[in-house]
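J.: The residues making up each chain are set out below.
Protein chains: 2
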Amino acid sequence: MAKIVMKFGGTSMAGTERIRNVASRVKKEVDAGNQVAVVVSAMAGETDRLVGFCREAAPLHDPKEYDVVVAAGEQITSGLLAITLQAMGVPARSWLGWQLPIHTSDAHSSARIESIETDALNAAMASGEVAVIPGFQGMADTGRVTTLGRGGSDTSAVAVAAAVKADRCDIYTDVDGVYTTDPRIVPKAQKLDKVTYEEMLELASVGAKVLQTRSVSLAMKENVRVQVLTSFEDKPGTLIVSDDEIGENDVERQVITGIAHDKNEAKITLIKVPDRPGAVASIFAPLADASINVDMIIQNIAHDAGSTDVTFTVPGAELARALDALEKAQGAIGYEKLVHDTKVAKISIVGVGMRSHAGVASTMFQALGSRGINIQAISTSEIKVSVLIDEDETELAVRVLHTAYGLDAAD
Amino acid sequence: MAKIVMKFGGTSMAGTERIRNVASRVKKEVDAGNQVAVVVSAMAGETDRLVGFCREAAPLHDPKEYDVVVAAGEQITSGLLAITLQAMGVPARSWLGWQLPIHTSDAHSSARIESIETDALNAAMASGEVAVIPGFQGMADTGRVTTLGRGGSDTSAVAVAAAVKADRCDIYTDVDGVYTTDPRIVPKAQKLDKVTYEEMLELASVGAKVLQTRSVSLAMKENVRVQVLTSFEDKPGTLIVSDDEIGENDVERQVITGIAHDKNEAKITLIKVPDRPGAVASIFAPLADASINVDMIIQNIAHDAGSTDVTFTVPGAELARALDALEKAQGAIGYEKLVHDTKVAKISIVGVGMRSHAGVASTMFQALGSRGINIQAISTSEIKVSVLIDEDETELAVRVLHTAYGLDAAD
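Residue numbers (this note's numbering), protein chains in the order written: chain A, 1 to 411; chain B, 1 to 411.
There could be a bad hint or two in this list.
[To be verified] So the derived label-pair ranges between C-beta atoms look like this: (1) 317(A) to 234(B): 41 to 49 angstroms; (2) 120(A) to 298(B): 55 to 63 angstroms; (3) 222(B) to 45(A): 36 to 44 angstroms; (4) 233(B) to 324(A): 46 to 54 angstroms; (5) 45(A) to 233(B): 50 to 58 angstroms; (6) 209(A) to 234(B): 34 to 42 angstroms; (7) 119(A) to 328(B): 27 to 35 angstroms.
[To be verified] Covered by chain B, according to a simulated footprint, are these stretches of chain A (three or more residues, beta-carbon under 8 angstroms): (8) 49–57; (9) 61–67; (10) 86–99.
In case anyone wonders, no lab produced these hints; they're calculated from the structure.
We put the beta carbon where it would ideally sit given N, CA and C, even for glycine.
So that you can see chain A by itself, here it is in the shape it has in the complex (with noise of 0.2 angstroms):
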């Protein structure tokens, strides 16, 4: 007997019919023997309908009354999940937010979730009720209904997983797993059995877009095994487990588990800023004080004695500020020109094994080098290689680099 933790993602809870898959699939676990909670989205699109009355209501509006309205998406899917449960002869009932109640911080619309009151919940579990939690939502110390900021929902399901010492944290999204690459771009693309925590970390934020990064970060610091899959079919998913679990000298193991790509990053260019100390921080002071994420820089060498050109890429969505920051800095700053560039994506390779192996990063810029892609800026981790390069080459060195580390599956 083990205990899980389920979570269900918009797709697999759009409408009745869904439900009832969804609950066959809890039902399976049940029988099992298993102890059960699961953590549920809204219905796919309901959040976004309740965002939209709250833009319509005031385009800037009360984060705590925001948290009224789209919090009611989850609350909906949770009773009708336990409803529908019951009437498989599953015995469940519903536990909002408030009511176990999952503690969050009072920043109303990404609210952290502090702890989660368990008693009533474990007591439940162990005697065969499933419990259904809505995802998403919590309780601040003010007594007031608390979101975590979209996405939550698999940051609610690890967080309850962790509290209730769960074995394992299942969660059903719209594709089966992780794989080593976007399979609409590799069709020989592989799904990976399992992946650690820090992999999962580096492509998460680097583009694929399974799993939030903030239930990754949380499944790492709980140590909570979490598995990807899909509710669509019945087979196995990915497991998302610790290094040890893996083994990271396993000589089997690929150095390289997966490649991700980015095209929502801008390249940003300042030419000739004066070459002194203090002339970077200059650059990027504005632009943290605008709460601009800088991902790639490179400070080219000294085109003469006194200035340099230095690139940097922030995400396209933050474009628009940042030159706004910068252009008002330039003063400051005393850069002659200012130029940018959208067309751009960030391509990054990602493996735990890179930590053992030599060579890795050079075999990336050969094989992209051989078929012309030239390489704008460079940045590193100790598990990621990123690159970033043309938009147009995107899927082109995606496939190039997939080969280039034995990833593709055999035919």
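Position chain B against the provided structure of chain A, taking the given hints into account.
T.: What follows is chain B alone, placed relative to chain A:
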């Protein structure tokens, strides 16, 4: 400065544009220096949508989970109205049923309000903040969400008004007040400035669908001054108050306040019931057991030495169950034949003035008789006379009586 509770129905809350209209009305009361609490319904159609989901999930569903699902509709509109008020510069916050809390019985899906905690509510109102309260919902002692049954928001509003000792409870609806009769039938029907609780109760229970009967009973019990008015126009509605306030003996007052009609009755006649003690009891016991409400009852004079006919009405929706119960009891009752008729209508004249005036019923019978309208059954209360007639003659009867009692507006 007055303390006012305002209640807005689903039509008034249907979409952000209409909610803005509601907010303007609330702002007007606030600007006039009043302390305001607002009770809101779900958007028109939303409760039906949520009830539909529950039915699809399981025809027979746990009312505890049904309550979780349907309470979401009012939660959404309460947050949206708070946002809209804030955008107009009016301080406001939502107070969900469990947050105040509104304590109810645990009769899920048809709970009764037991008490409302008012400390936080009074403090908020006194500070100039509008309290926005979702109607229709509360919390049982078990800590679970309850709902009051369809139309319960009127009752929520009256209960809140009683709890905070409001000077007035304004119920905004899609009609602009209570009329002497249905204006679609009698264009000369007049809007009443005032009506007593008892009259309103009789009018509500015989088919004038302005207010839920429960809310009127509660207003009478708690002596809450209720006003019914429209949110779409700017004019006074109808005040519902106690007898004292109207002045029963006011010579200007009409004897009859209003004329109601109800086509949702069905007539049942049992032919040749043995004329012995206990016979009538044997008819109505099985109906009571099946929770069927019997309304008008007539026992004809005996046909011959041994038997009599018994006629009565039941709500049309309960006819099938009533027939079933009576057929099963044929042996015990001993009637010869059972006939029924759904083509009937109940016409009622209502007025507190009836108590001090003789000949009111006689005027009714004469007026109907003069137009050849046959009366199939009669029932009376202290302030009401109802007759059962052929459904086809409904409109004619209402018009004839409206004129006979001098209720037609002057041209």
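J.: If a hint holds in the structure, say so; if it does not, say that too.
T.: A quick look at each hint next to the structure:
1. 317(A) to 234(B): 41 to 49 angstroms: 45 angstroms, holds
2. 120(A) to 298(B): 55 to 63 angstroms: 57 angstroms, holds
3. 222(B) to 45(A): 36 to 44 angstroms: At roughly 43 angstroms between Cβ atoms, residue 45(A) and residue 222(B) fall inside 36 to 44 angstroms, so the hint holds.
4. 233(B) to 324(A): 46 to 54 angstroms: Taking Cβ atoms as reference, residue 233(B) and residue 324(A) lie about 48 angstroms apart, which means the hint holds.
5. 45(A) to 233(B): 50 to 58 angstroms: 36 angstroms, violated
6. 209(A) to 234(B): 34 to 42 angstroms: 51 angstroms, violated
7. 119(A) to 328(B): 27 to 35 angstroms: 50 angstroms, violated
8. 49–57: holds (count 5)
9. 61–67: holds (count 6)
10. 86–99: With 7 residues closer than 8 angstroms to chain B, the stretch 86–99 of chain A meets the three-residue bar; holds.
Of the numbered hints listed earlier, those contradicted by the structure are 5, 6, 7.
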